[in-house]
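Taking the hints into account, I'd like the entire structure generated from these sequences.
So the sequence lines, in the order shown, correspond to chains A and B. Be aware that the first sequence starts at 12, since it is given in this note's numbering, and climbs by one per residue. Be aware that the second sequence starts at 153, since it is given in this note's numbering, and climbs by one per residue.
If you're looking for bench data, these hints aren't it; they were derived computationally from the structure. Please note: incorrect hints may appear among the correct ones.
Claimed, not checked - Far from chain A, by Cβ distances over 10 Å, these chain B residues were calculated:
1. Lys204
2. Ser211
3. Cys220
Said to hold, decoys possible - Partial selection, computed: residues in chain A whose CB lies under 8 Å from chain B:
4. Leu57
5. Phe100
6. Arg118
Note that the Cβ used here is the ideal one computed from N, Cα and C, for glycine as well.
What follows is each chain in one-letter form.
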Amino acid sequence: GNSVTQMEGPVTLSEEAFLTINCTYTATGYPSLFWYVQYPGEGLQLLLKATKADDKGSNKGFEATYRKETTSFHLEKGSVQVSDSAVYFCALSTDRGSTLGRLYFGRGTQLTVWP
Amino acid sequence: ETGVTQTPRHLVMGMTNKKSLKCEQHLGHNAMYWYKQSAKKPLELMFVYNFKEQTENNSVPSRFSPECPNSSHLFLHLHTLQPEDSALYLCASSQDLSVRTYNEQFFGPGTRLTVL
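Spelled out as structure tokens, the structure:
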């Protein structure tokens, strides 16, 4: 089946610290991978994406590399800011079966950055 | 207006009330979704519409009734809800559910529902 597992939160960091949020997946077919972010009081926004193995998605200083051999898509940022405080969701979309186009989300990881 | 809008942003209702949530997208998309986001639970996909046709209903109780009159509008009609239905209800849209693999969804800000 299709599923996403991401690290449990909450994650609390000081400003300028290095961030890693782990994400692994199982999928039928060849998935595309996404990170979505939800800021307080808002809906989810696409942060970055990767559609094939070894692709690196990047946006706003965040990066994630599609690793097919380890079925992983870990989110990283070298220096977090207070404004990065949000909930981060890893997700996949598969190209197979009756659930074509559907997004499968992880449980979300709450990140809090202190000044 | 741009993107995906949802109204109302907040709703408090009793268990015997009937209310509706509205979602509108201005992106020219053909697929629309309802999600339920509860505290400490994964995001739950409720319904999916593609070109106004319902393609997915994830065993949602009948007290939730979706309606998609056209590709730009999606409603969620609510009646005789339970307190455990209190949650953030998110609407999303995407280009469609055709053969493409990449399926970016654009989300609205959600409706915070409280059932008393």
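Hint check results:
1. Under the 10 Å C-beta cut-off, the non-interface status given to Lys204 of chain B relative to chain A holds; the minimum distance is some 16 Å.
2. For Ser211 of chain B, the requirement that its beta carbon stay farther than 10 Å from each beta carbon of chain A is met, with the minimum near 14 Å.
3. Cys220 of chain B, annotated as away from the interface, keeps every beta carbon of chain A farther than 10 Å; the closest lies near 16 Å.
4. Taking 8 Å as the C-beta contact cut-off toward chain B, the hint placing Leu57 of chain A at the interface holds, the least distance being around 5 Å.
5. Using the Cβ-Cβ criterion of 8 Å, the hint placing Phe100 of chain A at the interface with chain B is satisfied: the shortest such distance is roughly 7 Å.
6. With a least beta-carbon distance of about 5 Å to chain B, the hint placing Arg118 of chain A at the interface is held under the 8 Å criterion.
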